[in-house]
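Protein sequence lines correspond, in order, to chains A and B. With UniProt numbering applied, the first sequence has no gaps in its numbers, which climb one by one up to 361 at the end. With UniProt numbering applied, the second sequence has no gaps in its numbers, which climb one by one up to 362 at the end.
Do not rely on the hints blindly, as some may be mistaken.
Just a few of them, taken from the derived set where beta-carbon distance is under 7 Å, the chain A residues facing chain B [unchecked claim]:
{"#": "1", "residue": "154"}
{"#": "2", "residue": "157"}
{"#": "3", "residue": "158"}
{"#": "4", "residue": "184"}
{"#": "5", "residue": "211"}
{"#": "6", "residue": "214"}
{"#": "7", "residue": "216"}
{"#": "8", "residue": "219"}
{"#": "9", "residue": "221"}
{"#": "10", "residue": "222"}
{"#": "11", "residue": "234"}
{"#": "12", "residue": "235"}
For lysine to any residue, the following SDA-like pairs were computed, each having C-alpha atoms within a straight-line distance of at most 20 Å [said to hold, decoys possible]:
{"#": "13", "chain 1": "B", "residue 1": "172", "chain 2": "B", "residue 2": "215"}
{"#": "14", "chain 1": "B", "residue 1": "189", "chain 2": "A", "residue 2": "220"}
{"#": "15", "chain 1": "B", "residue 1": "46", "chain 2": "B", "residue 2": "131"}
{"#": "16", "chain 1": "B", "residue 1": "189", "chain 2": "A", "residue 2": "226"}
{"#": "17", "chain 1": "A", "residue 1": "42", "chain 2": "A", "residue 2": "266"}
{"#": "18", "chain 1": "B", "residue 1": "190", "chain 2": "A", "residue 2": "236"}
{"#": "19", "chain 1": "B", "residue 1": "172", "chain 2": "A", "residue 2": "222"}
{"#": "20", "chain 1": "B", "residue 1": "189", "chain 2": "A", "residue 2": "233"}
Just so you know, these hints were derived from the structure itself, not from any lab. Here a beta-carbon is modelled for each residue, glycine too, at the ideal position from N, C-alpha and C.
If you want the building blocks of each chain, they are given just below.
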Amino acid sequence: MALLKMKFSQQRRVRLAQGLWLLSWLAVMCGAFIFCLGVYLKIELLRRDEVMENTEIHVVPNLLMMVGLASIGANWVASRVCQDSLDASRFPRWRVLLLGWYAVAVLLCCLLLAVVVLSYALQGRLEESLKVGLRNGIRFYKDTDVPGRCFQKETIDRLQMEFRCCGNNNFKDWFEVQWVSNRYLDFTSQEVKDRIRSNVDGRYLLDGVPFSCCNPASPRPCLQNQLTDSRAHYNYEYQSEELNLYSRGCRQALTDYYMGLMNSTGPGVLSVILIQLSVLLSMRYLQTAVEGAMALESPEGESEGYILEKDVKATYADVKAKALDLLKFAQVDPASEAAGPEEGEKADEATEKAATPPPAS
Amino acid sequence: MAVLKVKFTKTRRDKLAQILWILNWISVVTGIILFSLGLFLKVELKKREELMAEKDIQYVPNMLIAVGLIACAINFLGGKICYDCVDSTKFLRWKLIMLPYIVCTFFFTLCVLVGALMCYSMHWELEEALDLGLMQAMRFYKDTDMPGRCFLKHTVDTLQIQFQCCGNSGYKDWFQIQWISNRYLDMSKKEVVDRLRSNVEGKYLMDGVPFSCCNINSPRPCIQQQITNNSAHFNYEHQTEDQNLWMKGCRQALLEYYTHIMQSIGLTVLITWLFELSVLTGVRYLQTSLENVLRQGDPDSESDGWLLENSLMETARIIKSLGKSNQINTANNGDPNIDVPSTSKAHYGPDNVPPKEKMETS
Chain A
1 MALLKMKFSQ
11 QRRVRLAQGL
21 WLLSWLAVMC
31 GAFIFCLGVY
41 LKIELLRRDE
51 VMENTEIHVV
61 PNLLMMVGLA
71 SIGANWVASR
81 VCQDSLDASR
91 FPRWRVLLLG
101 WYAVAVLLCC
111 LLLAVVVLSY
121 ALQGRLEESL
131 KVGLRNGIRF
141 YKDTDVPGRC
151 FQKETIDRLQ
161 MEFRCCGNNN
171 FKDWFEVQWV
181 SNRYLDFTSQ
191 EVKDRIRSNV
201 DGRYLLDGVP
211 FSCCNPASPR
221 PCLQNQLTDS
231 RAHYNYEYQS
241 EELNLYSRGC
251 RQALTDYYMG
261 LMNSTGPGVL
271 SVILIQLSVL
281 LSMRYLQTAV
291 EGAMALESPE
301 GESEGYILEK
311 DVKATYADVK
321 AKALDLLKFA
331 QVDPASEAAG
341 PEEGEKADEA
351 TEKAATPPPA
361 S
Chain B
1 MAVLKVKFTK
11 TRRDKLAQIL
21 WILNWISVVT
31 GIILFSLGLF
41 LKVELKKREE
51 LMAEKDIQYV
61 PNMLIAVGLI
71 ACAINFLGGK
81 ICYDCVDSTK
91 FLRWKLIMLP
101 YIVCTFFFTL
111 CVLVGALMCY
121 SMHWELEEAL
131 DLGLMQAMRF
141 YKDTDMPGRC
151 FLKHTVDTLQ
161 IQFQCCGNSG
171 YKDWFQIQWI
181 SNRYLDMSKK
191 EVVDRLRSNV
201 EGKYLMDGVP
211 FSCCNINSPR
221 PCIQQQITNN
231 SAHFNYEHQT
241 EDQNLWMKGC
251 RQALLEYYTH
261 IMQSIGLTVL
271 ITWLFELSVL
281 TGVRYLQTSL
291 ENVLRQGDPD
301 SESDGWLLEN
311 SLMETARIIK
321 SLGKSNQINT
331 ANNGDPNIDV
341 PSTSKAHYGP
351 DNVPPKEKME
361 TS
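Let's have the full structure, built from the sequences with the hints guiding it.
Spelled out as C-alpha cells, the structure:
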C-alpha cells in the first residue's frame, strides 16, 4: 500500500515535469540567494572582527554559504533530470543518482533548519565574545604606539560613533580604565600624581570619556570630563542628564544589530526550506510516475506516482533488513566456513532430488 | 547640392530602420537614466538644504528630470516611427509628422547639451550658497532652544563627523562665534564675565571647538579646549599638530562631494547628447530616403538620403524668405480689405474700370 498515491496521465506527467523544471530553477535562485546572504553576513561579522574575541558565530554564515552552493548544484541536477524525464531513453541513467539526490536534498533542508536554530542559540556566545573583545579594545585604547594595538583607538571611536554607544555596558566602563596614554600626562603636575597614587595599580583614572561617546542630539555642547561632579559644570545634574552621552553600551548595540540581521533572514531561510521540500516531493512523484509509465506496455498510458512504495512501517522494515544483510555480508562467520562446503553438497543433493521427478506410482 | 548625400538601397533602408528602432529604445533607457540622475541630485541637494543659503540651484536637477522625461517620450515616438518605416505604406502615416519631429528633436538635443553644461557651471553658485549657509548654521549652533533652529546643532555635528571636516574654511571659524549657549554659562564666574567683556558684541568667544571636529585618527585623546595655548596641554604644539582635529573646511568638503556627483552626471548627459544626435542623424537620413522613394514611385528602388536638401546658405535663405512671406503688411494694420494705392512704378491701368456692356452680346 503505497504512501500518498496519485494517478498520473501522460499530460499530467508532462505538466509535472515542466512545473518541476521551473520549480528547480527557482530553487537554484533561492540557493544563490542563500549563498549571497551567507556572504553578506560573513562580511558584516568580519568588519567588526577586532572587537570579537572568538569566531564561533562564523559557523552561521559558513553554513549558509556551503548550503547555498550545494543547493545550486543539487537543483541544477534536478532541472537536468526533469528535462530528461519524458525521454524514455535518457531517463534510466539518472535512476541511480536519484537516491543520492534525495539524501542530499534532505541533508540540505536539515542544515538550513540547523542554521535557523543556531542563529538563536549562539546569541549567548556572541555576547560573551563581544564582552571580552570590547573590554580589550577599551583597555588598549591608549596604546596607539604599540604595534598590533595601534588601531584600537580608531576602531573603538568609529564603533561608538557608528552604533551610537559608549563603553561595554555603559559609559562608566571608561572610568575604570586608563584611556589617556602616559605619553600625554605631565608627571610633574600635582593633579596627575594624586590621581596615579589614588589607586593600587598606579593608573591615571578619571571620570571622563572619549569624545566618541558624545551624543550630537544633545542640546548642550558635550561634557566629557568630570562627569560625576555636578558642581563642575553650570546647570548640570549628573543623575538626571541622559542626552549628553550615548546611554547604550556597545555590547548591547552590536548584539542587537547582529540578532536583527539574523532574525530578518529567518523567514527567507524558512521559505527556501519549503521550496526545497516541494522540489524533493515533486521529484519523487515524477520519478515513480515515469518509471511506472516505462514499465507499462503503452508508455502513453496512466501510471501511478507515490512517495514510498509501501507504507512507512513496511519500508522501514525493508530498509532495516537490507542494512542487516549488508552487515551480515561484511561479517565473516568462522562456523559457516567449515559448514559451508557440506551445506553446499546437501543443497546440491536436494536440487538433484527435486530435479528428478519422483517415479510415478 | 545636398549636404552629405548617401545612396540607400532597399535593404540598406530596411536595415537602417531596424537599427534605428533598437537605438531609439536604447535612448528611452538613457532617458530614464537621466531622469533618475536628476531625481538623485534633487534628493542629495534637499538633504543638505539647511546648510545652503537661499540660492536657486534646484533648476539643475529640475532641468535634468524634465529632459529625461521628454527624452523618453520623444524616443518612444521615434521608435514607433522607425518600426513603421520598414514598410513604405505605413510610412505614409508618418510622412507629415516626421519633419516637425526631426526639428523638435534637434532643438531638444540642444536642451540636453545646455543641461550638461549647466551641470558644470553650477559649481560657483553652489560654493556661494554653501559659504553663506554654513556661516549661518554655525552662528545658530547654540540656539537649540529656538524653534526652527533647534536641529542645526545636530545637523552641523553629523555633517562634521560624516564629511570629516571642521568649520567653514577651517577650525578657526569656531573661534569667532559663540557656540555655547548662555543657558550653560555661569555668569557669576569671573572667567566668563572677562571673556564676555573682552569683545565689543559681548560674545563668549573661546579657542575651542565642538567635539564633532575631533579627528578619529589622532593617536592622542582629542584636545578641544585651549587649542592655541601650548602650555595648557602636555607635549602639545599647536602649530605642528595636524592630526588632532579635522583640517579640511566643511565648505570645501561638501563642494568636493557635490562636484564629484555633478561631474559624473555631466559626463553621462554629454554621452547621452552624442547618442541622441547620432540617432537624430539616422532618422533624418531615413526620412529623406523614404520621401525620395515615394517621389520616384518605385518602393524597391535606390534613393538618396541627405541631411539638408540644399547647402547651408541656401537653406538659411529659404527659411528667411519663408519668414518674410508670413510677415503681415503693417501699412494697413494687417487688414487686407482696405484699399491701398499701389506704389509701384508700373502702371496697370485705372483702378475703377466699369464692367463691359453686356447688351453688345444679346
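Hint check results:
1. Taking 7 Å as the C-beta cut-off, the interface hint given for residue 154 (chain A) holds, the closest approach to chain B being about 5 Å.
2. A hinted interface residue such as residue 157 (chain A) counts as satisfied when its beta carbon comes closer than 7 Å to some beta carbon of chain B; here the least separation is about 5 Å, so the hint holds.
3. Given the 7 Å rule on beta carbons, the hint for residue 158 (chain A) holds: about 6 Å separates it from the nearest Cβ of chain B.
4. Evaluation of the residue 184 (chain A) hint against chain B yields a held restraint, the C-beta minimum of about 5 Å falling below 7 Å.
5. A hinted interface residue such as residue 211 (chain A) counts as satisfied when its beta carbon comes closer than 7 Å to some beta carbon of chain B; here the least separation is about 4 Å, so the hint holds.
6. The closest approach between the C-beta of residue 214 (chain A) and any C-beta of chain B is roughly 4 Å, which is under the 7 Å cut-off, so the hint is satisfied.
7. The restraint placing residue 216 (chain A) at the interface with chain B holds, with a minimum CB-CB distance near 4 Å, inside the 7 Å limit.
8. Against a cut-off of 7 Å between C-beta atoms, the interface hint on residue 219 (chain A) holds, since the closest Cβ of chain B lies about 4 Å away.
9. Taken as an interface hint, residue 221 (chain A) checks out: its beta carbon lies about 5 Å from the nearest beta carbon of chain B, inside 7 Å.
10. The interface hint given for residue 222 (chain A) holds, since its Cβ lies 4 Å from the closest Cβ of chain B, which is under the 7 Å cut-off.
11. Given the 7 Å rule on beta carbons, the hint for residue 234 (chain A) holds: about 4 Å separates it from the nearest Cβ of chain B.
12. Because the closest C-beta pair between residue 235 (chain A) and chain B is about 6 Å apart, less than 7 Å, the hint holds.
13. Simply put, residue 172 (chain B) and residue 215 (chain B) have alpha-carbon atoms about 15 Å apart, close enough for the 20 Å limit, and the pair holds.
14. The hinted pair formed by residue 189 (chain B) and residue 220 (chain A) meets the criterion: a straight-line CA distance of about 19 Å does not exceed 20 Å.
15. Restraint check for residue 46 (chain B) and residue 131 (chain B): satisfied, since their Cα atoms lie roughly 17 Å apart, inside the 20 Å limit.
16. About 18 Å separates the Cα atoms of residue 189 (chain B) and residue 226 (chain A), which keeps this hinted pair within 20 Å; it holds.
17. At roughly 16 Å between alpha-carbon atoms, residue 42 (chain A) and residue 266 (chain A) fall within 20 Å of each other, so this suggested pair holds.
18. Distance check on the hinted pair: residue 190 (chain B) and residue 236 (chain A) sit about 19 Å apart at the alpha-carbon level, within 20 Å; holds.
19. Our distance criterion of 20 Å between C-alpha atoms is met by residue 172 (chain B) and residue 222 (chain A), whose separation comes to about 19 Å.
20. At roughly 11 Å between alpha-carbon atoms, residue 189 (chain B) and residue 233 (chain A) fall within 20 Å of each other, so this suggested pair holds.
Comparing the model with each earlier hint shows no violations; every hint is respected.
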